[in-house]
Amino acid sequence: DAGVTQSPTHLIKTRGQQVTLRCSPKSGHDTVSWYQQALGQGPQFIFQYYEEEERQRGNFPDRFSGHQFPNYSSELNVNALLLGDSALYLCASSLASERWNEQFFGPGTRLTVL
Amino acid sequence: SQQGEEDPQALSIQEGENATMNCSYKTSINNLQWYRQNSGRGLVHLILIRSNEREKHSGRLRVTLDTSKKSSSLLITASRAADTASYFCASRSGGSYIPTFGRGTSLIVHP
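As given, the protein sequences belong to chains Y and X, one line each in that order. Count the first sequence with the numbering used here and you get residues 1 to 114, in order. Count the second sequence with the numbering used here and you get residues 1 to 111, in order.
Some hints here could point you the wrong way.
Said to hold, decoys possible - Beyond 10 angstroms from chain Y on every Cβ pair, some chain X residues (computed): (1) D7; (2) S12; (3) I13; (4) E15; (5) G16; (6) E17; (7) S28; (8) R41; (9) D66; (10) A78; (11) A82; (12) D83; (13) R103.
As the list claims (entries may be wrong) - Simulated coverage check for chain Y against chain X, where a stretch passes if three residues somewhere in it have a Cβ under 8 angstroms from a Cβ of chain X: (14) 74 to 87; (15) 104 to 114.
Please keep in mind that the hints were generated in silico from the structure rather than gathered at the bench. Where is the CB? At the ideal position from N, CA and C, for every residue including glycine.
Take the sequences, apply the hints, and build the full model.
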């Protein structure tokens, strides 16, 4: 039973560029959430996708956008990268019908913006 | 904003000792989860405790929840060097689908 997978593992970009991160949810899960974790901080919620639509969004600018595909996998896009976007980006999946909303996390993508 | 705050920020102990970490939160919750994160990796789910539960056990882990004090604690008994990691609490409240994380406790267990 495959858990949550993310790609790539590491990524180095320069300011102003655009980046796309990918996530495949745990088998049987239909909901994907994205988090940004700066060094020494807890994960900060970016947005959540369910049924291919953004269901809830955190306090992130419009430069952060996402998409969910019919197979429940998801992408996170960040445009016009800033140095402050350097962080570990975590994807978590869950099952919408599961009352207690237990989330399972992937290993993360480490993004460095130079 | 962060709903939960862990205390202490950092904890250093010897192998075999017990480690206790605390989490406080601000608003009423539906459930609270504890996660472990090894050095820059993904988060591993440890325990979920529901708002109507007071205590849960999983192996060497014991979690308590005091909704009157809006706090939770994670106890790791007989710690091992492999327990070295950051530990986060995440609470979910109201109609939100999203757990809100604290800043974490960094635990170092010396062999």
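Task: Closest CB of chain Y to the CB of X:E17 still more than 10 angstroms away - done: Holds, since 25 angstroms exceeds 10 angstroms.
Open item on the list: According to the definition I'm using, a residue is off the interface if its beta carbon is farther than 10 angstroms from all beta carbons of the partner; does X:E15 meet that for chain Y?
Closed with: Its Cβ never comes within 10 angstroms of chain Y, the nearest being 25 angstroms, so this holds.
Task: Status of the stated non-contact between X:I13 and chain Y (beta carbon gap over 10 angstroms) - done: Holds, because the least Cβ-Cβ distance between X:I13 and chain Y comes to about 20 angstroms, which exceeds 10 angstroms.
Task: X:A82 remote from chain Y - nearest C-beta pair above 10 angstroms - done: Fine: 18 angstroms to the nearest Cβ keeps X:A82 off the interface.
Task: X:D83 remote from chain Y - nearest C-beta pair above 10 angstroms - done: holds (18 angstroms)
Task: Separation of X:D66 from chain Y, once the least beta-carbon distance is taken, above 10 angstroms - done: Holds, because the least Cβ-Cβ distance between X:D66 and chain Y comes to about 19 angstroms, which exceeds 10 angstroms.
Open item on the list: At least three residues with a C-beta closer than 8 angstroms to a C-beta of chain X: is that true for the stretch 74 to 87 of chain Y?
Closed with: n = 0 at 8 angstroms, threshold three: violated.
Task: Assertion that X:S28 lies outside the chain Y interface [Cβ separation over 10 angstroms] - done: Per Cβ check, X:S28 is outside 10 angstroms of chain Y; nearest 16 angstroms; holds.
Task: Whether X:D7 stays farther than 10 angstroms from all C-beta atoms of chain Y, as the label says - done: holds (13 angstroms)
Task: No chain Y beta carbon within 10 angstroms of X:R103's - done: violated (5 angstroms)
- [ ] Quick one: work out the minimum CB distance from X:R41 to chain Y and report holds if it exceeds 10 angstroms, violated otherwise.
- [x] violated (6 angstroms)
Task: Interface exclusion of X:G16 relative to chain Y, criterion Cβ beyond 10 angstroms - done: holds (28 angstroms)
Checked against the numbered hints given earlier, this structure breaks hints 8, 13 and 14; the rest are met.
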